[in-house]
Amino acid sequence: MVQVSSASTAPTPAQARGTLAAEALPLGIFLVLAVLPLVALSMGGSYLVSLGARVMIFAIAAVALDLLVGYGGLISFGHAAFIGLGAYAVGILAAHGIGDALIALPAALALSALYAFLTGIVCLRTSGVYFIMITLAFGQMAFFTATSLAPYGGDDGLTIAARSTFAGLALIKNERAFYYLVFACLLGSYLFCRALVVSRFGRVLRGAKDNPLRMAAIGFNVYRFQLAAYVIAGTLGGLSGFLLANATEFVSPAYMSWQRSGELIVMVLLGGLGTLNGAIIGTAAYLLTEEWLSGFTENWKVIFGPVLVLVVLFARGGLIGLWSELQRRLRGG
Amino acid sequence: MSTTLLVVQILNGLQLGVLLFLIAAGLTLVFGVMDFINLAHGVQYMLGAYLAVAFYGVTGNFLAALVLALAAALAFGLLLEFVVFRQLYGRDHLDHVIATFGIILFLNHGVKMIWGAAPLSLPMPELLSGSVRLADGLLYPVWRLVVIAAGLAVAAALYVLVAHTRIGMLVRAGATNAAMVSALGVDIRRLFMIVFGFGAMLAGFAGIMIAPILSVEPGMGDTVLILAFVVIVIGGIGSIRGAFLAALLIGLVDTLGRSFAVDILRLVMGPSPARTVGPAIASMLIYLLMAVVLYVRPTGLFPARGR
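Line by line, the protein sequences give chains D and C. So the first sequence is numbered by numbering that gives the first Met the number 0: it starts at 0 and just counts up by one. So the second sequence is numbered by numbering that gives the first Met the number 0: it starts at 0 and just counts up by one.
Incorrect hints may appear among the rest.
No farther apart than 25 Å at their CA atoms in a straight line, the calculated lysine to any residue pairs in the SDA-like style are these [stated by the list, open to error]:
1) K111(C) / F182(D)
2) K111(C) / R189(C)
3) K111(C) / N298(D)
4) K111(C) / P122(C)
5) K208(D) / D94(C)
6) K208(D) / S293(D)
7) K172(D) / F182(D)
8) K208(D) / L93(C)
9) K111(C) / S293(D)
Hints listed in this document are in silico derivations from the structure and should not be mistaken for laboratory results. Bear in mind the structure is a predicted one, so any value in this text is a computation, not a measurement.
Bound-form chain D, shown alone (with noise of 0.2 Å):
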């Protein structure tokens, strides 16, 4: 524990150039983001284009659920509900007529933010499994009212006119552009949670990790600051959801359904908990294997499952935990 905190607050010299070589993952991750399109459209293949897009939209997620998770030991297991209530608001807007993100974004935003408000209230009053299970509850919750939604589709879900207008502008109509606006997304949320994760906000979240009661000896009021993160995680959930709901231009409660949330944490998982460049590696691994498995089999998750077991025995570190495993042995330490 000591060691990961110091390796991301207060890097020493000797550490410098490690964190070059750290720096180089995300650089590298975000530079592969930027040139996709334009290689992908060169070959002639918009289907890259949006596959890419969609990674990044729940890469935000991911980034935000890391920053609950990984960092604030809070596992949360209705992160989904964020999602489907950032991309419900742009769909029932656009259901009156509204359809300018310069209304349907905020609307997104704060529809996110004053359910994981007042969730969280609740929620961060319990700690450890009963949290777990009571963000599940409040996912499906999400879910059910959705489903119950008559007027704005219910079960089927509800199939958006078009692409949100800014002022009137159909900027984000054109495949490469909206895919630009992904990718900034997902750069300011990871910028954001980076900076976020070591401040001192950051540091105070960590330790409510690793001791709750200790940090709160110290002084600090624990619930309002794993509060204020449970908000922060849930906006940008419902930043996600407001980027889907523009990429499919449908909007269902499948969305919010627990096993979206479900397959959220396991995105983290995958990369690697803790940090946040993970999120982003696991998520672009978990939808990649989605899409290429099932091009086998409708079922693919009979494949994926046993996986997911294999990755819990005997990689605990996820793909980044793999890399640097294998960056220690290559220089034989």
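Given chain D's structure and the hints, the job is docking chain C onto it.
Coordinates of chain C only, in the frame set by chain D:
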């Protein structure tokens, strides 16, 4: 709302309640004794139903199918414990969540590959397939009464088992302080295995009993699992008594809410908005109930002592 309808819905609520209890009992014991979160408990309920359908297809006899499916559910639970879960005791809760989530994915899609995605049905025993007249103009299906009776019988048996036998004493002791029980010379691994297998069998039993009423389909365990979570969270994790009372409460509140929400809302608003808002409120009701209970008592109504 007529009295007859109210009685019928109360019985339906009881039936949902005892069903939830059968599932929640295993879940709360496994968590209480082993500190293990088993998301895969819901698929064990689903598996019970599928096994019963399969064995019915072979034997053509409900009772034989029931016995065989119970044995198979027990065996499968023990197998899961031996192969996967045993390695995970004492690990982080997140590891439990991910591993059991993987098992859910595997089994949900596994049954789809074996039996297909279409819903199956299990015919109920001829003798119990009719309806019984409870009062004037009040007919109620016998099988639902059987489910209620079976659930209550299991609850009573569990009470005797946990409160008045040696193994029950060990289970209670394990829920309070597993390390101490182990130090006193009890084979805690064997105890864990027994509790786990027993919980899996109870969930399977619930699946078998409900199969004649509901359709047997992949994913049928997921909804029930989350309701069971709500139940054990309200009841207090590790407490059988809490699970029993909370299960009945949730069963009644959910069923009555769904039947009467629109009617009640009509008292305060027009029929058209009531029809829109009613179902939404009805489906939120049990979660709101949970939120209120937890706000007042963060460890549930009947927290198991010692934790």
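Report the numbers of all earlier hints that the structure fails to satisfy, in ascending order.
Numbers 1, 2, 6, in rising order.
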